[in-house]
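Asks: Input sequences plus hints: build the corresponding full structure.
2 protein chains.
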Amino acid sequence: MNRIEIYDTTLRDGTQSEDVNLSAEDKLRITQRLDDLGVTYIEGGWPASNPTDRRYFEEIGNYTLKHARVSAFGSTHNARTTPENDPNIQSLLDARTNVLTIFGKTWDIHVRDALRVPLERNLELIHNSLAYLRDEVAKLFFDAEHFFDGYKANPEYALACLHQAHEAGVDALVLCDTNGGSLPQEIAEIMAVVQKELPQASLGIHAHNDSELAVANSLQAVQSGATHVQGTINGYGERCGNANLCSIIPNLELKQGHKCLPENHLPKLTQTALYISEVANVQAFHRQPFVGRSAFAHKGGIHVSAVRRNPRTYEHIEPETVGNKQRILLSDLAGQSNILFKAKQYGYHLDKNDPFVLELLSQIKERESNGYEYSAAEASFELLLNRTLGRARKYFTLLGFRVTDEKRQENKDPYSEATVMVQVGGVTEHTAAAGEGPVNALDNAMRKALEKFYPTLTEMHLLDFKVRVLPPQRTSDGKEGTASNVRVLIESGDSQSRWITVGVSYNIIEASWQALEDAINYKLFKNDQLKIEQAMAQARTET
Amino acid sequence: MNRIEIYDTTLRDGTQSEDVNLSAEDKLRITQRLDDLGVTYIEGGWPASNPTDRRYFEEIGNYTLKHARVSAFGSTHNARTTPENDPNIQSLLDARTNVLTIFGKTWDIHVRDALRVPLERNLELIHNSLAYLRDEVAKLFFDAEHFFDGYKANPEYALACLHQAHEAGVDALVLCDTNGGSLPQEIAEIMAVVQKELPQASLGIHAHNDSELAVANSLQAVQSGATHVQGTINGYGERCGNANLCSIIPNLELKQGHKCLPENHLPKLTQTALYISEVANVQAFHRQPFVGRSAFAHKGGIHVSAVRRNPRTYEHIEPETVGNKQRILLSDLAGQSNILFKAKQYGYHLDKNDPFVLELLSQIKERESNGYEYSAAEASFELLLNRTLGRARKYFTLLGFRVTDEKRQENKDPYSEATVMVQVGGVTEHTAAAGEGPVNALDNAMRKALEKFYPTLTEMHLLDFKVRVLPPQRTSDGKEGTASNVRVLIESGDSQSRWITVGVSYNIIEASWQALEDAINYKLFKNDQLKIEQAMAQARTET
Numbered sequence: 001m002n003r004i005e006i007y008d009t010t011l012r013d014g015t016q017s018e019d020v021n022l023s024a025e026d027k028l029r030i031t032q033r034l035d036d037l038g039v040t041y042i043e044g045g046w047p048a049s050n051p052t053d054r055r056y057f058e059e060i061g062n063y064t065l066k067h068a069r070v071s072a073f074g075s076t077h078n079a080r081t082t083p084e085n086d087p088n089i090q091s092l093l094d095a096r097t098n099v100l101t102i103f104g105k106t107w108d109i110h111v112r113d114a115l116r117v118p119l120e121r122n123l124e125l126i127h128n129s130l131a132y133l134r135d136e137v138a139k140l141f142f143d144a145e146h147f148f149d150g151y152k153a154n155p156e157y158a159l160a161c162l163h164q165a166h167e168a169g170v171d172a173l174v175l176c177d178t179n180g181g182s183l184p185q186e187i188a189e190i191m192a193v194v195q196k197e198l199p200q201a202s203l204g205i206h207a208h209n210d211s212e213l214a215v216a217n218s219l220q221a222v223q224s225g226a227t228h229v230q231g232t233i234n235g236y237g238e239r240c241g242n243a244n245l246c247s248i249i250p251n252l253e254l255k256q257g258h259k260c261l262p263e264n265h266l267p268k269l270t271q272t273a274l275y276i277s278e279v280a281n282v283q284a285f286h287r288q289p290f291v292g293r294s295a296f297a298h299k300g301g302i303h304v305s306a307v308r309r310n311p312r313t314y315e316h317i318e319p320e321t322v323g324n325k326q327r328i329l330l331s332d333l334a335g336q337s338n339i340l341f342k343a344k345q346y347g348y349h350l351d352k353n354d355p356f357v358l359e360l361l362s363q364i365k366e367r368e369s370n371g372y373e374y375s376a377a378e379a380s381f382e383l384l385l386n387r388t389l390g391r392a393r394k395y396f397t398l399l400g401f402r403v404t405d406e407k408r409q410e411n412k413d414p415y416s417e418a419t420v421m422v423q424v425g426g427v428t429e430h431t432a433a434a435g436e437g438p439v440n441a442l443d444n445a446m447r448k449a450l451e452k453f454y455p456t457l458t459e460m461h462l463l464d465f466k467v468r469v470l471p472p473q474r475t476s477d478g479k480e481g482t483a484s485n486v487r488v489l490i491e492s493g494d495s496q497s498r499w500i501t502v503g504v505s506y507n508i509i510e511a512s513w514q515a516l517e518d519a520i521n522y523k524l525f526k527n528d529q530l531k532i533e534q535a536m537a538q539a540r541t542e543t
Numbered sequence: 001m002n003r004i005e006i007y008d009t010t011l012r013d014g015t016q017s018e019d020v021n022l023s024a025e026d027k028l029r030i031t032q033r034l035d036d037l038g039v040t041y042i043e044g045g046w047p048a049s050n051p052t053d054r055r056y057f058e059e060i061g062n063y064t065l066k067h068a069r070v071s072a073f074g075s076t077h078n079a080r081t082t083p084e085n086d087p088n089i090q091s092l093l094d095a096r097t098n099v100l101t102i103f104g105k106t107w108d109i110h111v112r113d114a115l116r117v118p119l120e121r122n123l124e125l126i127h128n129s130l131a132y133l134r135d136e137v138a139k140l141f142f143d144a145e146h147f148f149d150g151y152k153a154n155p156e157y158a159l160a161c162l163h164q165a166h167e168a169g170v171d172a173l174v175l176c177d178t179n180g181g182s183l184p185q186e187i188a189e190i191m192a193v194v195q196k197e198l199p200q201a202s203l204g205i206h207a208h209n210d211s212e213l214a215v216a217n218s219l220q221a222v223q224s225g226a227t228h229v230q231g232t233i234n235g236y237g238e239r240c241g242n243a244n245l246c247s248i249i250p251n252l253e254l255k256q257g258h259k260c261l262p263e264n265h266l267p268k269l270t271q272t273a274l275y276i277s278e279v280a281n282v283q284a285f286h287r288q289p290f291v292g293r294s295a296f297a298h299k300g301g302i303h304v305s306a307v308r309r310n311p312r313t314y315e316h317i318e319p320e321t322v323g324n325k326q327r328i329l330l331s332d333l334a335g336q337s338n339i340l341f342k343a344k345q346y347g348y349h350l351d352k353n354d355p356f357v358l359e360l361l362s363q364i365k366e367r368e369s370n371g372y373e374y375s376a377a378e379a380s381f382e383l384l385l386n387r388t389l390g391r392a393r394k395y396f397t398l399l400g401f402r403v404t405d406e407k408r409q410e411n412k413d414p415y416s417e418a419t420v421m422v423q424v425g426g427v428t429e430h431t432a433a434a435g436e437g438p439v440n441a442l443d444n445a446m447r448k449a450l451e452k453f454y455p456t457l458t459e460m461h462l463l464d465f466k467v468r469v470l471p472p473q474r475t476s477d478g479k480e481g482t483a484s485n486v487r488v489l490i491e492s493g494d495s496q497s498r499w500i501t502v503g504v505s506y507n508i509i510e511a512s513w514q515a516l517e518d519a520i521n522y523k524l525f526k527n528d529q530l531k532i533e534q535a536m537a538q539a540r541t542e543t
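Chains as they are written, first to last, in UniProt numbering: chain A, 1 to 543; chain B, 1 to 543.
Just so you know, nobody snuck in bad clues.
Note: identical chains are not told apart, hence a pair may lie in one copy or across any two.
Taking lysine-lysine and the BS3-like style, the derived pairs with C-alpha atoms no more than 30 Å apart in a straight line are: (1) 344 / 325; (2) 526 / 394; (3) 325 / 152; (4) 526 / 344; (5) 466 / 412; (6) 365 / 412; (7) 452 / 412.
It is worth saying that the hints were derived from the structure and are not from the lab.
Bear in mind the structure is a predicted one, so any value in this text is a computation, not a measurement.
Replies: Quick look at the structure:
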């Protein structure tokens, strides 16, 4: 078993991702979260490159971290000056991080085309920059930019660059596959040469995912002796992203017996990944390995029945080891076993030939053929299940609604208004409300009508709203264009949980209404369930 | 150089993905597109498992494919009967595909826990099923489900399963890493044993991405002698997905000199991937290697300037080889050249520093920051361009509209009605129309009002309607859920052409209105252009 240094560069290389833009405050929050996860190093940014990073380094000194050490990133000194007089090098010292990472060119075409200095001069830049900084900080790393491409083009020169850095006394030579074009066997072959050349040096890897091989290349590097792995959370990064630490860490710890995080910290991984995608305001990729929403989701009918008997049959690890959990999806592929599983969660032990199961199954299949998507809307399914079980009561009856969008000037937004008439018990409520768009107006009018009967609805909020126009050919009667079916998914939440409901119609207002209605019913149903459980707990304590 | 059989299972294993649900029509369209790309085999589905797949196999016989052969998928015969009497096996023959793939258990715990038969009996199921089908089809493949996990648990048994299939005369033994938990070196070690055991057998690989290693494992398998690779477009599939053919194919062809597709077909890859994500109605993953929108997008300032001098400095391959293209982010150049190019099409030769260009550019940037997407809506862009050039005339003025959706019974659809007031020349028109949903009603009322002035509008039809809820902007004022911005894309067409227009608002009715308005204006503008060209042609012939 080996200790592997995890060097996170989400805050620096990760922000090169097209859709990732972080403020200094975002970076401070993410730093604390990464420290809590327990990575070894957190690359905070490049102080010379922008004001955000400068502000970050001014602030971060005021935080005490439990596990990680923050590092600053910069390039070798400018060829026209010396380290002492290079503002970029000085800004690194001003960052006062005590850990620094310097990147330098190791690919001859870059020295010529990008840096535009003689090859010899670049060797000096590497050596002088690192030698100057060596005694200023506790840890000093050298990122050998484009090392693998450089080696393929001019091995002697690429290795000469490493020698310069090694002689300057860096703590690790980090070999970068900057363009993400290398294959695992190339990593293995080239690293074998490097180890022969520099047997004393400790090596690191910095991989990019342009060939969808960044994780494999990082694991190969560790196999070839690397003890320092650079990457980002969720694989954020320029182009196709950096090596994904959310996959590298569990692979190293669970499958190869290495240690990357403090004892028992691995279960924090999924929440950390989600938190960072929230702060970065990037939609989480549901198929992401280990930490994704679908990573342990089972849809196929056979799989579901097998997984219920023995999870290992279709899961390579226990979801809980990385803080994730198993999900059973519904779909016309899935069949009875899914329904049995869900029913069981509500305390119903049903047989797969139970007429109730068969009825519910045919209902679901028919609705899914009309575009309802229960695998994405579990709350709507649970309502359907509990209604068919005669368990969910009817909380209100809609007598009618009217939604109006009125535009009275070419460049002004329309005015949206909704009226709703509902009946609760014997009482009829007739309300009206405006809103930002028709669905919002309808939602506002609904709440106005129902909150006096069900005050807990004030706890509930709409979190997300998704619309899909279903491919026209799905609607049998050849409707086209604006008349094809629309599926609306609404995600709602309160302080305890989040739930997704679905509606389908050729009319987007009707589809939205169905999803809103389910969302409200689910909230009220959930409250009743809670009351029942509390009452039962009460009863148990009394007896 | 080796020929590698590409076996696409997007239509079968791909639909196990949480968000992928395909109708029979979708599957037929995707089949034609995969054939055009030139994969070797297309696994159409599992005829016994659901009506969609049955319908697909009824239809697909009527299509002639240029490159690919369609295969049907199913399991070994039921233990309680014989192949002759097993409806699942018979449904495979009914599919009449001439290529069949049978999967069987090779992991002892699955035989016990999932199949629930003695290990010996499973060996018979494999042999009998394949021997029975061998002479019925031209190509017969065996998917050795869970082979790698099975081998790790009980090597003798896993190999015994392969022997049964081999003796039955299958064309390839496809080794499956069903749970996606294996590492490349395990693939290498285990495949070395298999090749020693079965030197005559041709081998295939079927990998899943649960460890983010599916591409690496597939490449390793080819290195270890596999000549048949199974996977899906965009890596769709259960949990974390299947091995991604969009990465495997270019890696094999561009980096390892294998042949997977017909000569010069690789540039079709990006469009194929996009088309299939459209039909599957799944948002394309922008960081996806090779074919993703960001795969060759450069954001970092240094990178951008270097890439302009020499693309190879930050690109592992030429984007065009896979039909993708370089994108420079945070840079006016892309936008400018696009404007110059379009203006030229309308006979305007502009300089990139022309104040008109700069003004239009800032207009576009501002609108794109609000969610307008002109790369997807060329017609709206051309209108904007020609308006700024003072060339597109104003065909009508909207004085106002009102759209009403009224529901008067809980289980009845709402009634949608729209009124529109427009002015054309001095004349005011005030019309009303019903429709299937609010947008359709608005469209109907608009046409009613305008067709008497512009009869050619009767030639025009709405072909497609797309809605996307945009992620709340970081700069937003805290609007959430139903109040976040909505982008509507409308595709319209007449006998000559098709055009796409865009609208954006927090109000879906307003966004739809904007797209409808552009669609109608573009049609009228197009007619005027045509008249001008005809008049000029006329003039030329007369002189």
